[in-house]
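Listed below are the residues making up each chain.
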Amino acid sequence: MKPFSALTAFCLAATPAFAQDSSDPIKLTLHDWSGQLITTTLMGEVLEEAGNNVEYVQADYIAQFAGLKTGDLHLAMEIWETTGREALDEAVGTGNVVNMGETGMIAIEEWWYPAYMEARCPGLPDWEALNACASEFATAETAPFGRYLGGPVTWGGFDEERVEALGMDFEVVHAGTDAALFAELEAAYQRQDPIVLWVYAPHWAPAKYEGSFVEFPPFSAECYNDPSVGMNPSAAYDCGKPTGPIWKAAWAGLPEQWPNAATVIENFKISNEDMGAMVADVDLNGKSVNEVVASWMANNESTWKGWIGK
Amino acid sequence: MQTPLRHITRGRLFWLGLFALTWLLSHYSFQLYKLLDARWIIRFPKALQLKLDTAISDFLNWLVNDAHLGLLTFRDLTRSIASLIEMPYQFLRNLLIEGFQSGLGDSAVQIAPSLSWIAVIATVVAIAHYARDLGLALLVGGCFLYLAVFGQWDSAMITLASVLVAVPIGAAGGLGLGIIAYRHTWFDKLLRPILDLMQTVPVFAYLVPILILFGFGPVAALVATVIYAMPPMIRVTILALKSVPEELVEAGRMMGVTRRQMTWKVLVPTAIPTLMVGVNQVIMLTLNMVIIASMIGAGGLGFDVLASLRKLDIGGGIEAGLAIVVMAIALDRSSQAFSERRMPHPRTGSWLQRHPWTTTVALIVLGTFLLGQVAPAVQSYPDVLKISTGAVWSDAMEWINVNFFDTLETIKTALLKALLLPVKKFFTGIPWLWGIIAVGLIAGRVAGWKLGFMAALMMLFIAASGLWGEAMVTLYLCGVSVFVAILIGTPLGIWAAQKPRAGRIILGVMDTLQTLPSFVYLIPVVMLFRVGDFSAMIAVVLYALAPAVRYAAHGIREVPPQLLEAGRMAGCTPAQLLWRVKLPLATPQLLLGLNQTIMLALSMLVITALVGTRDLGQEVYIALTKANAGQGIVAGLSVAVIAIIADRIVHALSDNQKRRLGL
Numbered sequence: 001m002k003p004f005s006a007l008t009a010f011c012l013a014a015t016p017a018f019a020q021d022s023s024d025p026i027k028l029t030l031h032d033w034s035g036q037l038i039t040t041t042l043m044g045e046v047l048e049e050a051g052n053n054v055e056y057v058q059a060d061y062i063a064q065f066a067g068l069k070t071g072d073l074h075l076a077m078e079i080w081e082t083t084g085r086e087a088l089d090e091a092v093g094t095g096n097v098v099n100m101g102e103t104g105m106i107a108i109e110e111w112w113y114p115a116y117m118e119a120r121c122p123g124l125p126d127w128e129a130l131n132a133c134a135s136e137f138a139t140a141e142t143a144p145f146g147r148y149l150g151g152p153v154t155w156g157g158f159d160e161e162r163v164e165a166l167g168m169d170f171e172v173v174h175a176g177t178d179a180a181l182f183a184e185l186e187a188a189y190q191r192q193d194p195i196v197l198w199v200y201a202p203h204w205a206p207a208k209y210e211g212s213f214v215e216f217p218p219f220s221a222e223c224y225n226d227p228s229v230g231m232n233p234s235a236a237y238d239c240g241k242p243t244g245p246i247w248k249a250a251w252a253g254l255p256e257q258w259p260n261a262a263t264v265i266e267n268f269k270i271s272n273e274d275m276g277a278m279v280a281d282v283d284l285n286g287k288s289v290n291e292v293v294a295s296w297m298a299n300n301e302s303t304w305k306g307w308i309g310k
Numbered sequence: 001m002q003t004p005l006r007h008i009t010r011g012r013l014f015w016l017g018l019f020a021l022t023w024l025l026s027h028y029s030f031q032l033y034k035l036l037d038a039r040w041i042i043r044f045p046k047a048l049q050l051k052l053d054t055a056i057s058d059f060l061n062w063l064v065n066d067a068h069l070g071l072l073t074f075r076d077l078t079r080s081i082a083s084l085i086e087m088p089y090q091f092l093r094n095l096l097i098e099g100f101q102s103g104l105g106d107s108a109v110q111i112a113p114s115l116s117w118i119a120v121i122a123t124v125v126a127i128a129h130y131a132r133d134l135g136l137a138l139l140v141g142g143c144f145l146y147l148a149v150f151g152q153w154d155s156a157m158i159t160l161a162s163v164l165v166a167v168p169i170g171a172a173g174g175l176g177l178g179i180i181a182y183r184h185t186w187f188d189k190l191l192r193p194i195l196d197l198m199q200t201v202p203v204f205a206y207l208v209p210i211l212i213l214f215g216f217g218p219v220a221a222l223v224a225t226v227i228y229a230m231p232p233m234i235r236v237t238i239l240a241l242k243s244v245p246e247e248l249v250e251a252g253r254m255m256g257v258t259r260r261q262m263t264w265k266v267l268v269p270t271a272i273p274t275l276m277v278g279v280n281q282v283i284m285l286t287l288n289m290v291i292i293a294s295m296i297g298a299g300g301l302g303f304d305v306l307a308s309l310r311k312l313d314i315g316g317g318i319e320a321g322l323a324i325v326v327m328a329i330a331l332d333r334s335s336q337a338f339s340e341r342r343m344p345h346p347r348t349g350s351w352l353q354r355h356p357w358t359t360t361v362a363l364i365v366l367g368t369f370l371l372g373q374v375a376p377a378v379q380s381y382p383d384v385l386k387i388s389t390g391a392v393w394s395d396a397m398e399w400i401n402v403n404f405f406d407t408l409e410t411i412k413t414a415l416l417k418a419l420l421l422p423v424k425k426f427f428t429g430i431p432w433l434w435g436i437i438a439v440g441l442i443a444g445r446v447a448g449w450k451l452g453f454m455a456a457l458m459m460l461f462i463a464a465s466g467l468w469g470e471a472m473v474t475l476y477l478c479g480v481s482v483f484v485a486i487l488i489g490t491p492l493g494i495w496a497a498q499k500p501r502a503g504r505i506i507l508g509v510m511d512t513l514q515t516l517p518s519f520v521y522l523i524p525v526v527m528l529f530r531v532g533d534f535s536a537m538i539a540v541v542l543y544a545l546a547p548a549v550r551y552a553a554h555g556i557r558e559v560p561p562q563l564l565e566a567g568r569m570a571g572c573t574p575a576q577l578l579w580r581v582k583l584p585l586a587t588p589q590l591l592l593g594l595n596q597t598i599m600l601a602l603s604m605l606v607i608t609a610l611v612g613t614r615d616l617g618q619e620v621y622i623a624l625t626k627a628n629a630g631q632g633i634v635a636g637l638s639v640a641v642i643a644i645i646a647d648r649i650v651h652a653l654s655d656n657q658k659r660r661l662g663l
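Protein chains in written order, with our numbering: chain Z, 1 to 310; chain V, 1 to 663.
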């Protein structure tokens with residue numbers, strides 16, 4: 001079996017492959033959001049085109065690092081700078097996990113409001129305009145402050161600190177999960193009720209709902225680290241949130257066991273626009289992940305063949 | 001003057017005094033801290049905090065990476081167990097859904113297809129008929145047909161494969177441990193606290209170590225499921241063996257049986273009906289775990305529920321959730337039928353005549369296998385015939401949301417102001433030192449000073465772990481939810497007992513609520529009530545309602561008829577009969593219901609963390625997402641501590657009441 005599959009790999013890839021890939025399946029992790037399923041399926045399909053065998057394993061976003069370290073899992077396609085950096089650095093620090101580079105997608109996360117709020121809060125998306133009509137966003141529990149729905153506590157984000165540093169009349173309420181966060185947005189949007197919450201991209205929500213990100217004073221590393229920088233001289237975090245790449249992470253043994261696949265994985269790059277369109281196709285238009293990936297591959301043949309090196 | 005004073009007994013004075021003092025201390029704890037400038041009153045001093053979480057994490061690190069048992073490392077041992085479990089699991093997956101293949105990827109060759117959907121349905125129908133009768137066979141067949149028609153077949157078969165592996169392991173393991181505990185008292189004593197912990201520590205708390213030890217994927221999920229589902233089997237086994245009639249054991253001894261024969265030929269066969277109740281519990285708990293198991297790689301229906309709800313496809317979530325319910329109904333009814341099954345007369349005739357079902361099933365399996373080669377619809381249920389109700393649910397949800405939100409919001413605000421916020425303020429205000437003493441006093445007064453001392457010690461453990469604040473939020477959220485659940489559940493239970501027809505419907509709804517994964521209703525609840533304590537409370541009440549209803553109905557039904565007759569003879573009106581005779585006599589059962597409600601409410605806390613509460617459940621969840629095993633276990637133990645104290649207190653109350661009633 002081994003020489004045969006290596007031979008196919010050779011024919012398909014048609015590269016001067018001196019090192020041969022193992023015929024064992026490369027295990028890719030699947031999480032529970034569509035964007036990640038698409039990225040992973042796309043990677044898997046391309047790897048199969050390159051002659052590798054792949055297997056998909058469902059795993060939790062952070063808990064998967066335990067598996068990547070031991071080699072139970074081999075490749076995680078979406079580690080967000082914004083939410084997964086800490087875990088990634090820790091894992092890379094042990095020497096058992098390697099960073100396979102950027103996916104090409106840039107994670108954006110920021111306070112976000114639906115478009116219908118612009119009529120009620122003139123001056124949006126400026127954050128000072130948002131603050132001026134904080135009372136619009138108040139609920140029974142938070143009055144007189146406005147209610148800002150933040151992400152799960154584990155996402156971090158320094159929203160309490162931001163509210164404090166910028167002197168905003170808002171109270172931060174944390175949703176426990178991504179699903180709860182967007183459930184509230186969906187409900188408020190149906191009723192056209194005021195809401196300001198944590199939204200991130202690439203995600204289906206900015207495609208489904210009309211709205212914009214709030215504009216805070218621009219992020220800089222100094223603003224986060226140095227209280228004296230920014231408009232509040234005595235507090236850090238007096239600015240917006242950083243954006244950051246989405247990384248690929250792999251078990252450290254992957255490049256040795258599948259050297260050709262490792263190159264393909266490193267070459268993998270996809271843009272926010274392409275991904276946003278695919279996510280919307282799956283989550284809003286009800287297509288299956290496989291369908292969407294297949295049609296992207298049909299339309300962008302030169303792109304992914306470039307990754308394989310054909 | 002005589003009458004009001006008569007009601008002030010010493011017991012009542014104690015409770016009144018305790019409450020008044022606690023309320024005062026809670027109300028003025030902040031002022032007290034400012035006045036005395038003693039911050040330790042409201043916060044446990046940091047310097048004295050136990051560093052148990054880091055110790056546990058270090059220990060687990062050592063266990064996972066360095067521990068050696070002779071030649072093997074500990075992890076090699078767990079990994080080989082994992083591969084042992086994986087074999088039957090993979091076989092069932094191939095058999096039920098994936099088909100058998102050899103080779104990988106492009107070079108894979110299919111050796112045999114999986115069983116066709118028709119063959120699977122025929123098999124379960126045959127089993128159900130064997131277990132009881134045609135009625136059950138039709139019910140089970142209908143349940144599985146639902147899975148096919150609603151497009152849940154593939155995921156359902158993956159879930160079924162894991163159930164079929166987890167249940168035998170859980171049942172056999174439970175039986176084995178139960179037998180050892182029955183034979184050796186010391187083992188029984190050792191096992192009991194472990195069982196308490198297994199049942200009360202939230203699963204999330206030990207997921208991370210399990211993942212590391214058993215590897216990623218379905219097997220780790222299976223191991224977690226078995227740990228969660230086995231304890232009732234052990235308890236039922238011990239109970240069942242102990243209740244085998246003494247005469248039978250005596251008769252066995254007179255025949256001169258060996259110990260092994262005694263166990264397998266006398267004790268276990270006699271106890272089988274009770275043992276099957278345990279198996280039934282294992283099945284139900286296994287299905288309860290489906291969602292959590294899918295978070296760590298079990299796939300199947302649980303994954304569908306999670307993925308649908310992440311894209312707010314409420315209809316999809318409900319359909320997958322109902323598929324779990326339907327499967328639970330099929331497995332529950334069949335296993336109950338087996339436990340009640342009487343030995344039928346042996347059939348006579350040739351082998352074929354004696355085994356009509358086996359023959360039929362074999363024919364169908366073979367027939368669909370051959371037909372499936374030419375007609376794909378025989379192999380897998382055709383897509384065109386699948387039904388989906390998805391859009392209906394989402395539209396209904398939107399309609400409720402747009403039209404009724406304001407009404408719901410008013411109710412919510414009123415309840416928040418009148419009930420939730422004052423209770424929260426009361427609990428979170430209690431200074432930790434007094435909290436420990438108060439819990440000790442309550443437990444001591446109800447169940448004796450030994451337990452009181454233990455309870456105080458256990459509360460000290462929570463405080464010393466730096467989790468006092470979270471524990472108080474837990475008590476508040478649980479307390480309020482249990483209060484509401486009892487308030488709604490007891491009348492429903494009484495109604496169900498008085499009117500059998502209404503009772504059937506009510507108990508059916510309760511069964512569904514309990515098996516429907518809570519995630520399914522969590523998201524609609526958030527849409528209507530926003531993220532916060534109120535949504536969490538609704539979710540907990542929905543989940544924990546069932547035992548309150550069931551035990552109330554059971555308690556009322558079990559009141560001895562002679563006593564009811566006596567009441568009627570004495571000229572009681574139906575209302576008096578209920579209030580003066582039935583309810584007092586049902587109190588022990590009602591208290592057991594309360595106990596179960598508390599346990600379920602606590603076990604639900606981890607799930608409500610997903611909508612953003614700030615209690616021990618959230619602490620466990622944060623630990624899971626950060627893969628911090630120590631933090632998770634300490635927070636999980638704190639939940640267990642609260643559960644165990646509550647359990648002992650309520651049990652003592654129930655015993656006291658029984659004694660008073662002379663039952």
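Hints may contain errors.
What the hints assert, rightly or not - Here are the computed distance ranges between Cβ atoms for each label pair:
1) Z:SER234 with V:LYS425: 30 to 40 Å
2) V:LYS34 with Z:VAL229: 32 to 42 Å
3) V:TRP399 with Z:PHE219: 39 to 49 Å
These aren't lab readings, by the way, just hints derived from the structure by calculation. Where a beta carbon is used, it is the ideal one built from N, C-alpha and C, also for glycine.
Status of the given 32 to 42 Å range, CB of VAL229 of chain Z versus CB of LYS34 of chain V
holds, 36 Å
Using the Cβ atoms, figure out if SER234 of chain Z sits within 30 to 40 Å of LYS425 of chain V.
holds, 32 Å
Given a hinted range of 39 to 49 Å, is it respected by the beta-carbon distance of TRP399 of chain V and PHE219 of chain Z?
With a Cβ separation near 41 Å, TRP399 of chain V and PHE219 of chain Z satisfy 39 to 49 Å, so the hint holds.
Of the numbered hints stated above, none is contradicted by the structure.
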